[in-house]
Amino acid sequence: MAEKRLNEMRKGEKGRVTEIAASGYLRQRVMDMGIVRGAKIEVVRNAPLGDPMEFLLKGYNLTLRKEDAANILLEVE
Amino acid sequence: MGELLRDDAELILAERRYQAIADILESTLTKGEGKWTYTDMFDHVFLHKALGIPIFLAMLWAVFQFTFSLSEPFMVMIGMIFGWLGGLAEELIANPHLASFVAGGIFDGLGSVLVFVPPIFMLFLALSLLEDSGYMARAAFVMDRIMYKLGLHGRSFIPMMIGFGCNIPAIMATRSIDNEKDRMITILVNPLISCGARLPVYVLIAGAVFGAKYAGTVIFSMYLLGMVLAIVMALVFRKTLFKGKPSPFVLELPAYVVPTAKTTILHMWERGKWFLVRAGTIIFGTVIVIWFLSVHPWAATAGGEMIGNSYIASLGHFLEPIVRPFGWDWMAAVALLFGFLAKEVVVGTYGILLGVEEGAVGASLVSLGLFTPLTGLAFMAFILIYVPCVATIGVVAKETNSYRWAAFVVVYLVALAFIVSGLIIGIGRLLGFS
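Residue numbers (the numbering used here), protein chains in the order written: chain A, 1 to 77; chain B, 1 to 434.
Do not take every clue at face value.
Computed list of lysine-lysine pairs in DSS-like fashion (alpha-carbon distance at most 27 Å, straight line) [as the list claims (entries may be wrong)]: (1) B:Lys181 / B:Lys243; (2) A:Lys11 / A:Lys40; (3) B:Lys35 / A:Lys40; (4) A:Lys58 / B:Lys35; (5) A:Lys11 / B:Lys181; (6) A:Lys66 / B:Lys149.
Residues from chain B that keep clear of chain A, each with C-beta distances beyond 10 Å, as calculated [unchecked claim]: (7) Ala50; (8) Met59; (9) Tyr148; (10) Leu150; (11) Met268; (12) Val277.
To be clear, the hints were calculated from the coordinates, so they are not data collected in a lab. Each residue gets a CB set at the ideal place from its N, CA and C atoms; glycine is no exception.
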């Protein structure tokens with residue numbers, strides 16, 4: 001199994017969160033939205049201009065900018 | 001160490017919370033996997049790589065058309081009704097001083113407030129349809145990349161675009177921006193987006209000094225100048241007053257739903273009411289003050305007939321030395337003072353000062369040689385930038401909940417207007433124009 005940053009994942013790829021390397025407000029926000037260790041995330045698409053990205057987690061759709069998504073590490077499934 | 005512990009506590013809490021949720025769901029929920037929902041289907045189109053942006057722009061255009069073409073007849077009607085009421089007051093009230101107060105103060109004041117109600121209602125009707133259906137979050141998603149480059153947030157795009165119609169609902173629409181810094185910057189630069197009320201002034205001046213052939217290009221350049229200045233000022237504010245990055249784009253894209261009539265109308269009604277009650281009082285008060293200054297001293301102005309003798313004209317003469325270096329005279333200063341009320345009033349003010357009908361103002365500006373192409377261009381730039389109308393200032397005061405920020409907006413825009421117009425004149429003269 002490979003480890004990747006969330007921003008490096010391609011459309012349709014799925015993974016489990018292993019680490020949230022963000023700090024402060026961003027860390028708080030992503031955790032509030034359900035990005036915690038062990039959470040399953042699937043990349044749905046990039047925005048038409050390439051950034052931000054859209055993810056599917058816990059049955060709902062969430063967006064993050066790539067530079068923020070880079071702080072989230074996953075184990076690709 | 002303390003930081004680390006606190007962070008860990010947060011992490012553990014979040015993890016346990018979601019674990020608990022997952023456990024409950026496991027035993028209660030059966031999922032339908034793999035099926036395409038309506039939301040998936042819509043997003044496949046609305047967020048499509050190639051179609052996403054054209055669709056967004058088409059939506060924006062539709063909102064714009066809906067708002068401003070549907071509200072225009074009502075705005076004209078409101079103008080006519082209050083004009084008619086004013087005429088009636090002047091006819092029926094024996095005391096001319098009181099009649100002038102009722103017509104020029106009260107009815108004009110009410111008219112200036114109520115005239116904004118139709119576009120505010122229509123716009124918030126359209127926006128709440130977009131918001132409640134779930135599209136608004138997608139719009140922010142589509143535009144975030146561009147806005148982020150400009151130091152703003154995806155949610156800032158729609159208020160900026162609405163500014164081309166009218167800055168008042170635009171500033172009210174910034175409430176959808178949850179981060180305070182992002183929202184403040186969007187409010188502060190919004191008046192630079194050239195609203196519909198400035199167009200008649202551009203048409204007058206550009207038509208008079210550049211002729212029909214170039215007027216269109218010149219007017220377009222004003223809109224462009226406004227956008228460039230808004231971007232520059234947004235970057236400046238981001239580097240100075242509101243340091244830091246735009247807030248992270250952690251946003252849920254909710255499932256699409258059909259908006260209910262009740263919530264949509266409630267949304268619309270609340271915004272309209274808010275405008276009437278909160279901003280309306282400020283606008284109304286200012287109109288009364290301007291009325292007072294333009295028809296007094298009562299005897300010298302022959303009861304408001306000779307605006308050239310009024311306090312406001314004296315103020316114009318007093319301010320003339322400031323605008324003289326730009327090649328403008330005292331009439332321009334008076335027109336700018338009245339422009340504070342609403343930008344389109346500048347045209348009517350010139351009409352009164354020159355003693356001609358509004359349609360003939362352009363011709364007499366040319367025959368009197370009040371503007372050269374260079375000074376006319378600088379004047380248009382000044383009209384674009386300097387103080388937004390009183391209604392906009394009122395809304396800024398109420399939306400930021402601070403008269404200081406409203407004052408700040410006025411001061412920075414006037415300073416910017418002097419700088420930009422000064423540059424136009426200076427560079428123009430260097431290039432040999434007069």
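Hint by hint, here is what the structure shows:
{"no.": "1", "hint": "B:Lys181 / B:Lys243", "verdict": "8 Å, holds"}
{"no.": "2", "hint": "A:Lys11 / A:Lys40", "verdict": "15 Å, holds"}
{"no.": "3", "hint": "B:Lys35 / A:Lys40", "verdict": "18 Å, holds"}
{"no.": "4", "hint": "A:Lys58 / B:Lys35", "verdict": "16 Å, holds"}
{"no.": "5", "hint": "A:Lys11 / B:Lys181", "verdict": "33 Å, violated"}
{"no.": "6", "hint": "A:Lys66 / B:Lys149", "verdict": "13 Å, holds"}
{"no.": "7", "hint": "Ala50", "verdict": "7 Å, violated"}
{"no.": "8", "hint": "Met59", "verdict": "14 Å, holds"}
{"no.": "9", "hint": "Tyr148", "verdict": "7 Å, violated"}
{"no.": "10", "hint": "Leu150", "verdict": "13 Å, holds"}
{"no.": "11", "hint": "Met268", "verdict": "28 Å, holds"}
{"no.": "12", "hint": "Val277", "verdict": "35 Å, holds"}
In summary, the numbered hints that this structure violates are 5, 7 and 9.
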